[in-house]
Amino acid sequence: MNDLIRQAIAAEAEERVDSRTVLAELHKRKKRRKPLGLIVGVATLTAAAAAAAVIIPTAIKKTDAAPAAPPPPASPQNVLLIGIDDNNNTDALVFARFGGDGSVNAVSLPRDIQIGNDRINALFREDPKKLTTAVERLTATKVDHYAAIKMAEFGRIAEVVGGVEVCVVAATKDLETEAFFPSGRQTLTGDQALAFLRQRKGLEMGDFDRVKRHQAFLTGLAAKITKSNALPLAREISTTIKVDAGWDVLEFAQRFQGPVKILTATLPVSDPAVVTNGAGLVADPEQAKQFVEYQFAGKARPQDGCVR
Amino acid sequence: MGFDQFVTDRLDRLLRYATAITCDKHLAQDIVQNVLLRAQSKWDRIGAMDAPYLYVKRMVTNDYLSWRHRKAAREIAVERGELARHVPSMADPADAHAEREAMRARIAVLPRKQRAALVLRFYEDCSDTEIAQVLGCTESTVRSQLSRALQTLRAHEIARSATLGVHS
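Chains H and U supply the protein sequences, listed in that same order. Terminal number for the first sequence in my numbering: 967, no gaps in between. Terminal number for the second sequence in my numbering: 901, no gaps in between.
It is possible that part of the hints are untrue.
[As the list claims (entries may be wrong)] In silico EDC-like pairs for lysine to aspartate or glutamate, Cα to Cα no more than 16 angstroms straight-line:
1. 758/U <-> 684/H
2. 958/H <-> 760/H
3. 883/H <-> 777/U
FYI, nobody ran anything at the bench for these hints, they're computed from the structure.
Starting from the given sequences, assemble the full structure and let the hints guide the process.
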């Protein structure tokens with residue numbers, strides 16, 4: 660009887676519809692679904708790159724200072740992503756080029772770079788326009804838009820995506836927050852994620868190591884964003900993110916046609932050792948211009964190694 | 734494995750499997766399409782598994798066994814039941830094709846879960862462990878589902894042979 664059962668089931672299975680019909684249907688439905696999913700997904704990824712676009716335009720708090728008029732659609736856009744602490748001091752500064760093809764090439768700017776009499780991290784609080792102008796002068800590259808988000812949000816963001824995986828070279832303990840990070844791969848969430856992003860003391864290279872941590876975290880976060888968590892994530896950050904008034908975020912998000920690939924690097928500056936003795940870092944404009952040009956052209960190699 | 738590659742490799746097999754458990758190619762198509770769209774959105778996770786096919790097959794099976802398709806499944810069963818009643822009288826028992834069609838009709842009227850277990854065993858060649866994973870139950874439940882399905886089919890087989898005056 661078993662053979663008969665086999666034959667009967669095989670005959671039933673043989674009745675299936677042509678897989679090409681299903682493929683065509685899948686393709687059609689995928690396309691139809693694309694707009695919302697992609698706008699949500701991409702907008703959130705952008706946010707992942709340290710806080711950029713959020714879909715729900717009504718939820719976006721626009722600030723007054725727009726650095727520049729928007730360029731024509733579909734051209735690459737240079738966005739300054741600003742991570743701020745609770746007092747509007749800049750904790751993280753990422754200058755990123757969002758390509759028309761959905762790629763993101765990002766350069767972290769160390770927050771202790773000296774600009775005139777100020778550190779670069781004090782400029783945003785004074786006037787966002789001051790910061791964007793300083794970055795434009797330093798890198799000889801136009802800042803099309805900026806987006807600022809409170810670093811404190813990242814603990815919750817990590818929670819929403821179910822944790823962000825990073826790799827730590829050697830076990831460290833943050834004496835301020837008591838957070839302990841064992842060596843190797845680990846998944847961070849909530850306060851632990853926040854402590855990871857904030858720790859500067861106790862790291863060999865201070866803020867430089869922290870910048871590396873930010874980059875590792877963003878890369879890990881980008882990998883965790885899916886269509887299903889994109890919307891909750893967008894809701895999470897939409898109340899605190901600030902973008903310049905001239906930025907049509909929806910239009911911006913529509914440029915992306917697929918998964919977003921992020922490449923990160925850190926702007927070279929004068930001897931990092933001076934970071935601890937109070938003097939600001941010097942970034943050579945000529946070198947900065949070349950570095951940003953090189954990185955924005957997508958020539959940098961991906962960094963996915965472990966951080967301190 | 735990427736999602737597109739998975740679809741290229743497995744779509745036909747998934748459709749065959751879904752058609753075999755649902756006994757309705759259109760319902761099977763709907764289920765497979767919906768499941769693949771859902772699977773695509775979390776492919777990062779599924780694609781990294783040891784056995785993505787087994788997982789997707791589980792999604793297909795769960796979808797079919799869920800309340801959503803209870804009504805459709807019942808209608809198909811009724812329709813096939815009608816057919817089953819007519820097949821024996823029309824069939825020449827010596828005709829292998831008729832034999833097979835009669836068995837097909839009898840499988841179609843089995844309870845959904847029993848049929849799924851049967852297809853997994855006799856069409857997908859799954860072990861008890863794999864069937865338990867796909868159906869989301871214990872291995873002993875798998876064994877009891879299978880033995881009940883076989884018992885029913887055997888009873889029918891005997892009844893039919895008797896009606897037709899055949900000694901099997």
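For each hint, the structure was consulted:
no.	hint	in the structure
1	758/U <-> 684/H	15 angstroms, holds
2	958/H <-> 760/H	15 angstroms, holds
3	883/H <-> 777/U	8 angstroms, holds
Violated hints are absent here; each numbered hint is respected by the structure.
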